[in-house]
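In the order they appear, the protein sequences are chains A and B. Once you know that position 32 of the first sequence is 31 in numbering that gives the first Met the number 0, the rest is easy, because the numbers rise by one and skip nothing. Once you know that position 41 of the second sequence is 40 in numbering that gives the first Met the number 0, the rest is easy, because the numbers rise by one and skip nothing.
You may find that some hints are simply not true.
To be verified - What the simulated footprint calls covered on chain A by chain B, stretch by stretch (three residues with Cβ under 8 Å from a Cβ of chain B suffice, anywhere in the stretch; the number is not a length):
| # | stretch |
| --- | --- |
| 1 | 2-12 |
| 2 | 44-55 |
| 3 | 67-79 |
| 4 | 121-135 |
| 5 | 166-175 |
Keep in mind the hints are simulated off the structure, nothing from the lab. Glycine included, C-beta positions come from ideal geometry on N, C-alpha and C.
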Amino acid sequence: MRLEILVRGHRVHAKAIMALIRVFSGHPVVDAVKLAFYRPGFYGGGPLTHEAMRGQSDWSVGERELMAAYVSKANECPFCVAAHSATSSMWYGDQTHVAATLTDVDAAPIDEPLRATLRMLGKLTEHNSVDTDDIRAVLDASVSPQQIKDALAVALAFNITDRLANAFDFTVASPDAMNAGARHLLKRGYR
Amino acid sequence: MVEIAQLHRELVARVLNGKGTAAPGLRRAAFDNAGLGEPIRTLVEKVANHAYRVTDDDVAAVRAAGLSEDQIFEIVVCAAVGQAERQYTSALAALASATGEAHER
């Protein structure tokens, strides 16, 4: 973590909650949690991320977690790739198809609507914009306009989070700690 | 997901105009990735366009220029939220154009 305040600058209440998380999870608090608890009245990205990832949508939780991992890979964010690969894999009960999607989206064993959506999100993330033809390609794959909006909300949340994780230099925790985080994200979400 | 637009508006309003330690003009410039002098310009430009390239030295240079850790925290958040908003707005406009809907926002 590049800023000391994100490690030790929390208010007493936040410090107490993080101490409880350490005790009950049996793992060190991951850097994403330290960020979430630092001045939530300023940044406080939790509610937006929670709505994008857990709000009502025709996309499943596992599909949205895969989108989050895919966007994070396009942003070259190792922490978020690990966190959301673990969460998506846990939801699907299968590690291989998340890994296959991140390796080669064109060949991955996923449905065409999801594949077309991931391609568009990847382009948006890497090139900072998409055009009408990019969106038409997703609509042509039988993705509804509302599903596209929902996927764009996931990309919005992770295009913020990935930048913060990289700029503040989040440390990828042990696989056990990342899996504990994934269980928490499936149970409670992001609030 | 009707709430997304509102939650996004509130987030942008907080980071630009909420209680903070960096001047609102500086936060706005970081959000826009425009009109900044060195060394803040380099840090903000990296956060916006390739955050994985941010280094300890980039942050140290901004600290040496007199910014506090809270001010650095705020401008990094503004840079991240600003770039993500530009991407999001571009994609919503493309969606509106593809479906012939009026563009919200």
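Right, here's what the structure says about each hint:
With 5 residues having a Cβ less than 8 Å from any Cβ of chain B, the stretch 2-12 of chain A passes the three-residue criterion, so the hint holds. Coverage of a stretch by a chain is defined here by at least three residues with a beta carbon nearer than 8 Å to that chain's beta carbons; for the stretch 44-55 of chain A and chain B the count is 7, and the condition holds. Coverage of the stretch 67-79 of chain A by chain B holds. Counting CB-CB distances below 8 Å, 3 residues qualify, and the rule asks for three or more. Counting residues of the stretch 121-135 of chain A whose CB lies closer than 8 Å to any CB of chain B gives 10, which reaches the minimum of 3, so the coverage claim holds.
Requiring three or more residues with a Cβ within less than 8 Å of a Cβ of chain B, the coverage given for the stretch 166-175 of chain A holds, as 3 such residues are present.
The structure is consistent with each of the numbered hints, conforming to all of them.
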